[in-house]
Amino acid sequence: MRTPPDISASDFSAALQKCANVIGQSWVFSSDEDVDLYRDAYSPVRGLSDERVPSAALAPASVDQVQALVRIANEYRIPLYPVSTGRNLTYGGSAPVYNGSVVLDLKRMNRILEINEAGAYCMVEPGVSYFDLYRYIREHKLKLRIDPPDPGWGSPTGNSLEHGVGRGPYRDHFRAHCGLEVVLGNGDLLRTGMGALPASGSLWQRFRYGYGPYIDGIFSSSNFGIITKFGIHLLPEPELSRVFDISIARYEDLDDFVQEFAQLFDLGALNSISQMGMPLLSMQIPEARALLESPGGGSSAQWNELRDRLGKPPWQITQLNCQGPAKIVEAQYDYIVDRLSRFSGFKVESRRDYGPSPDPDQVPGQDKCALGIPSLVIFGGVGMGRGHGHLDFSPAYPMTGEAVRKINQLLQQGYREADMPWRGWTGGNTWFDKTFTMITGFGLENDPEQNRKAVAAFRHLMELLGANGFAEYRTHPLFQDLLMTQYSFNEHALLRFHETVKDAIDPQGILAAGRAGIWPKHLRDKREGKL
Amino acid sequence: MRTLRLMTIGGLTAALVITLAILRIGSVQAANASKDQLAHGHEVFEAWCAPCHAPVSGGERLAGTSTLEMVYKGAKPAALEQRTDLTPERVAYYVRHGDNAMPWFRKTELSDEDLAAVGAYLARNIPKK
Chain A
12 MRTPPDISAS
22 DFSAALQKCA
32 NVIGQSWVFS
42 SDEDVDLYRD
52 AYSPVRGLSD
62 ERVPSAALAP
72 ASVDQVQALV
82 RIANEYRIPL
92 YPVSTGRNLT
102 YGGSAPVYNG
112 SVVLDLKRMN
122 RILEINEAGA
132 YCMVEPGVSY
142 FDLYRYIREH
152 KLKLRIDPPD
162 PGWGSPTGNS
172 LEHGVGRGPY
182 RDHFRAHCGL
192 EVVLGNGDLL
202 RTGMGALPAS
212 GSLWQRFRYG
222 YGPYIDGIFS
232 SSNFGIITKF
242 GIHLLPEPEL
252 SRVFDISIAR
262 YEDLDDFVQE
272 FAQLFDLGAL
282 NSISQMGMPL
292 LSMQIPEARA
302 LLESPGGGSS
312 AQWNELRDRL
322 GKPPWQITQL
332 NCQGPAKIVE
342 AQYDYIVDRL
352 SRFSGFKVES
362 RRDYGPSPDP
372 DQVPGQDKCA
382 LGIPSLVIFG
392 GVGMGRGHGH
402 LDFSPAYPMT
412 GEAVRKINQL
422 LQQGYREADM
432 PWRGWTGGNT
442 WFDKTFTMIT
452 GFGLENDPEQ
462 NRKAVAAFRH
472 LMELLGANGF
482 AEYRTHPLFQ
492 DLLMTQYSFN
502 EHALLRFHET
512 VKDAIDPQGI
522 LAAGRAGIWP
532 KHLRDKREGK
542 L
Chain B
1255 MRTLRLMTIG
1265 GLTAALVITL
1275 AILRIGSVQA
1285 ANASKDQLAH
1295 GHEVFEAWCA
1305 PCHAPVSGGE
1315 RLAGTSTLEM
1325 VYKGAKPAAL
1335 EQRTDLTPER
1345 VAYYVRHGDN
1355 AMPWFRKTEL
1365 SDEDLAAVGA
1375 YLARNIPKK
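Taken in order, these protein sequences are the chains called A and B.
For any residue, its number in the working numbering is found by taking its place in the first sequence, counting from 1, and adding 11.
For any residue, its number in the working numbering is found by taking its place in the second sequence, counting from 1, and adding 1254.
The set of hints was computed from the structure by calculation and includes no laboratory data.
Careful: at least some of the hints might be erroneous.
With a straight-line cut-off of 30 Å between C-alpha atoms, the simulated DSS-like cross-links for lysine-lysine are [unchecked claim]:
id, chain 1, residue 1, chain 2, residue 2
1, A, Lys29, A, Lys532
2, A, Lys152, B, Lys1382
3, B, Lys1361, A, Lys29
4, A, Lys464, A, Lys417
5, B, Lys1289, B, Lys1382
6, A, Lys358, A, Lys323
Let the sequences and hints guide you as you build the complete structure.
Below, the structure written as structure tokens:
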């Protein structure tokens, strides 16, 4: 039997026995075979000394059981690491940040507590996945649309708390939540917003603020509590969803094009994800490679000449996506096309229209997520090959042409300095307001040395981009200390605040030590690097 | 029978031997599967396996089916439900150990009972001797 750090085998056995008395022996996992299922399947350091592995796992089925387990953990000072579905592969999966923690697996808490069709909201437990929610809505023929992330096997709870994203109007998932129930590190139970008003009823899922400080945010991307109920706003099933792809022709129009694109969001003409792409600026195209590697990266005239020769546009936006009443969507589309058609070579490359509740078997994989249909189609593009997954690097940057250029130049520099292959310019996703977020990174190989190199390159990219103001918004546990310490204004005032809160509400430091770079007082020497 | 995909993982000779040894046992178990178990196995497959292992057409790509297509190059069906050589034990091995980019699955996701059912379901096509 593995044990958590600084816990004797006898104390751990006694604690697990008490846990078994609460949740039943079959939901206490302590054999190596069972515990290994909680390792990070996409760990870049799999099998190496710095892989984070748990010592055991506990799977409660109710809020009462969660509270009881947290109290036992406090009694023995056993570190717990809560996961909802543990499927955020590339960001750590179900493995803890602090090695040897006990995973608190909330998957059995899988009840959809309420779906209100008229009010377009629901409340779920943390083990409910996007697939579960979608199936329930279809089986009950509810006129509602969910907003899944690309891999639909995660949970609304976990994905939102990690600032995960989808593709529809509610794509910023944390912003679409409304109301939390939280078990704190001492076992106390808290409800946020209107949930604190005993007679509030459904107002809990309708009005997020209640009265007093709005504290929901501190439970996201943190280790301050265990979320046991989670409210979400849903979209009334749109009458029409139009997904389309566009491109423009001139290299020199980048700044103006991005500015126009950003304004379409600010005006409300666009309200769902779109992805900016640069199909011409790829290292896979030998002529483009030569330009990208030339001093200055190629002139507009050179890029435009290459465009004419290859028939590939320099800039495109795919998955523009309008959803809602048909008349409004038609007007949005017309407005968008009108505004963008002033660009030379503007072209609508394809357009797909979908009515309400589209049959998932009739929707091509690329459009499923935007239409609220959870799938794992995304892995068909990124998950294949020789290795055991991928390591994603996810920086945020301003939605401006200048930033697009700057971040791609930095990435080109960073990959070169790290002696890793750069694939060319990477586009941005409009997951968040006024911001592009990109995903680049590394495939993981069945070769530890190669993966070590990827980890070193990842750190180099983080440091290089962070120094230029482009930090990640989420990252794998291996890099959470480094990322958090980059947010260093006023001698790390933000992190000092986080840890002041941590010490106050989880005084024994039981919950998810090290998550988001936040360490409890007695474990601060475990932080990688110094403040 | 060969276990091509097992060979892609280092150090799994023992698993290969086990897999070879269980073929006959697997076909007997599949034959003994009840209607209820097969129906449950089908549900489990749809919920947990189909998102990556369903048949694909028209240029679509699913991680599982597309990878097996590359591995088998037409020698075997790429979609798991069309296979005639999958034993419950072999299915269980992959579910609990993963393979390449396919992760493993925990017991709170697929219980041992679920796993036995989906194994029986995927083994239903093994030719009876």
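Going through the hints against the structure:
no.: 1; hint: A:Lys29 <-> A:Lys532; verdict: holds, 26 Å
no.: 2; hint: A:Lys152 <-> B:Lys1382; verdict: violated, 42 Å
no.: 3; hint: B:Lys1361 <-> A:Lys29; verdict: holds, 21 Å
no.: 4; hint: A:Lys464 <-> A:Lys417; verdict: holds, 25 Å
no.: 5; hint: B:Lys1289 <-> B:Lys1382; verdict: holds, 17 Å
no.: 6; hint: A:Lys358 <-> A:Lys323; verdict: holds, 12 Å
The structure fails hint 2 only (numbered hints given earlier).
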